[in-house]
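Protein chains in written order, with this note's numbering: chain A, 40 to 238; chain B, 825 to 1181.
Derived by calculation from the structure, the hints in this document are not laboratory data. Predicted, not measured: the structure shown is a model, and the values here were computed from it. Some clues are possibly wrong.
Unchecked claim - Some chain A residues flagged as far from chain B (calculated, every beta-carbon gap over 10 Å):
#, residue
1, 113
2, 145
3, 147
4, 176
5, 214
6, 225
Claimed, not checked - Below, in silico cross-link-like pairs of lysine to any residue (SDA-like), each with a Cα-Cα straight-line distance of 20 Å or less:
#, chain 1, residue 1, chain 2, residue 2
7, B, 1156, A, 200
8, B, 970, A, 113
9, B, 970, B, 905
Every residue gets a Cβ at the ideal spot worked out from N, C-alpha and C, and that includes glycine.
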Amino acid sequence: MLVTLSFYLLAFVAISSALMVVMSRNPVHSVMFLIVTFFSAAGLFLLMGAEFLALLLVMVYVGAVAVLFLFVVMMLDVDFVELKQGFLQYLPFGFVLAVILLAEMVMVGAAYFFGESEKLAIYNDEKSNLERIGEVLYTDYAFFFEAAGLVLLIALIGAVVLTLRTREGVRKQDAHTQISRTRDEAIEMVDLPSGEGVG
Amino acid sequence: MFELIQFWSDLSPLAWFGWKLLQTLCFVLPLALLVAALVLADRKIWAAAQMRRGPNVVGAFGLLQTIADALKFFFKELIIPAGSDKFLFILAPVIALVMAFVAWAVIPVAEGWVLSDINIGVLYVLAISSLGVYGIIIGGWASNSKYPFMGALRSAAQMISYEVSIGFIILTVIMLTGTMNLTELVQAQEGGFWNWHMFYLNFSNPIHLLLFPVMFYMGVLFFISALAETNRPPFDLPEAESELVAGYQVEYSSTPFLMYFFAEYVNIMLLCAMMTILFLGGWYAPIDVGFQFLPPFFWFFAKCAFLFFLFAMVKAIVPRYRYDQLMRLGWKVFLPTALAAVMIVATFVTFFGNGAT
Chain A
40 MLVTLSFYLL AFVAISSALM VVMSRNPVHS VMFLIVTFFS AAGLFLLMGA
90 EFLALLLVMV YVGAVAVLFL FVVMMLDVDF VELKQGFLQY LPFGFVLAVI
140 LLAEMVMVGA AYFFGESEKL AIYNDEKSNL ERIGEVLYTD YAFFFEAAGL
190 VLLIALIGAV VLTLRTREGV RKQDAHTQIS RTRDEAIEMV DLPSGEGVG
Chain B
825 MFELIQFWSD LSPLAWFGWK LLQTLCFVLP LALLVAALVL ADRKIWAAAQ
875 MRRGPNVVGA FGLLQTIADA LKFFFKELII PAGSDKFLFI LAPVIALVMA
925 FVAWAVIPVA EGWVLSDINI GVLYVLAISS LGVYGIIIGG WASNSKYPFM
975 GALRSAAQMI SYEVSIGFII LTVIMLTGTM NLTELVQAQE GGFWNWHMFY
1025 LNFSNPIHLL LFPVMFYMGV LFFISALAET NRPPFDLPEA ESELVAGYQV
1075 EYSSTPFLMY FFAEYVNIML LCAMMTILFL GGWYAPIDVG FQFLPPFFWF
1125 FAKCAFLFFL FAMVKAIVPR YRYDQLMRLG WKVFLPTALA AVMIVATFVT
1175 FFGNGAT
């Protein structure tokens, strides 16, 4: 009973906050609702018994990705008037996208209810789902796992290459030269004859 | 997880909630009292380091000073800036405080003294502590003012940077023990201080001595990253008073400010506890002879208190980092060395493996 109740609560919150992501006027509020959506999705994972996935979702999406979203959105200077002007122009395109998404959802639903579908294998042995995922990920899908890592690495390097610029003639701090300075090169002992100065 | 759901449906929901509420109170109330004691201890330690007396007027030796301060904050007027986003402005400190407390749900303070002994406790703590940054970012943005905003940006970048290296440091410990359950992590360090992960000196198996320098270094890195993660000096850039007045806290007054303050100290306690569990053998005595009359909780508390003393001493004696140096330290020193340590430990476990095999 409690599980069913939790499911409906989480599902309701997830869907309504997902709606609010699109509908709220303030982009920062949108990101906040997105975070609530992620959280409810993590709760749904937890109800399915996938506690590892749930925590991963919270850690990666809420803890890192959404923070970066928030970071960017906070610093944007959004002009709402300009946003509204483009609305009608993009309407046909958005409509096409919506129709495609709807068609896909209908087909998935139809396949689920009427087609013969592969049921997910449910393991009911001692192993936790952390070990299960690890086993599958590093044996059957090791190649795809590594490939995904490589794709991410390329994206990372790409981001660095796009934004890195070295400016000439800028004085930079070099910790090594600072630390390796010795007393001899830093201090010069001078005997000054009185009344004459250094000259 | 299935057992948990089974447990839910067995017990009547109301009784379950009542029982859990009672257990939670057993954690939250002592934590709240400890914050009061820690704030005082903090101030006394700085005072001693600077040859002052510290608070000594309210109560004997100033023992009631924190209580008096807390009462003062409660009764002050709550000022909400006119241009602020009022809902988020109030929500931010609440998020900070709740996230600070929620992480304690999986921290075992003695054998079996834990609210929820889940088998991915480490991940849970990492996930929750990565949420703590929201309290600060949202607070800084909602204030709609320049200094808080800059403080929030700084803090976001800083906490994310150091979380990455904390993740890798914890990974080395996980690989050595082969578990993510915090209780089992502590149990793997039973026997004496030479079994603790920070002092990995297992003479019965000499090859393990090779890991000692790596693990000791990991322990030191974890401590420094914990300083950065809790915005403590020398990494208190988000609230650097000489640059940003008070960073994200500038516009806060009264109870919301108190919440931020509370959350900061609960977070410090959390990281002290995590360091105790991961590197300093949790509730086990350093040498297991003659100390049986002391309860395990005593050792846990003593280790946490010692770490907190170190936190306070660092604040007293180390000057503040510059922001670019902070970033350089995080990304160019901590992250590569932690990654190298992960590779070394992984190699070691694979070839000489105990722990994860």
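* Asked: Which numbered conditions among the earlier hints are violated in the structure presented, ordered from lowest to highest?
  -> 1, 5
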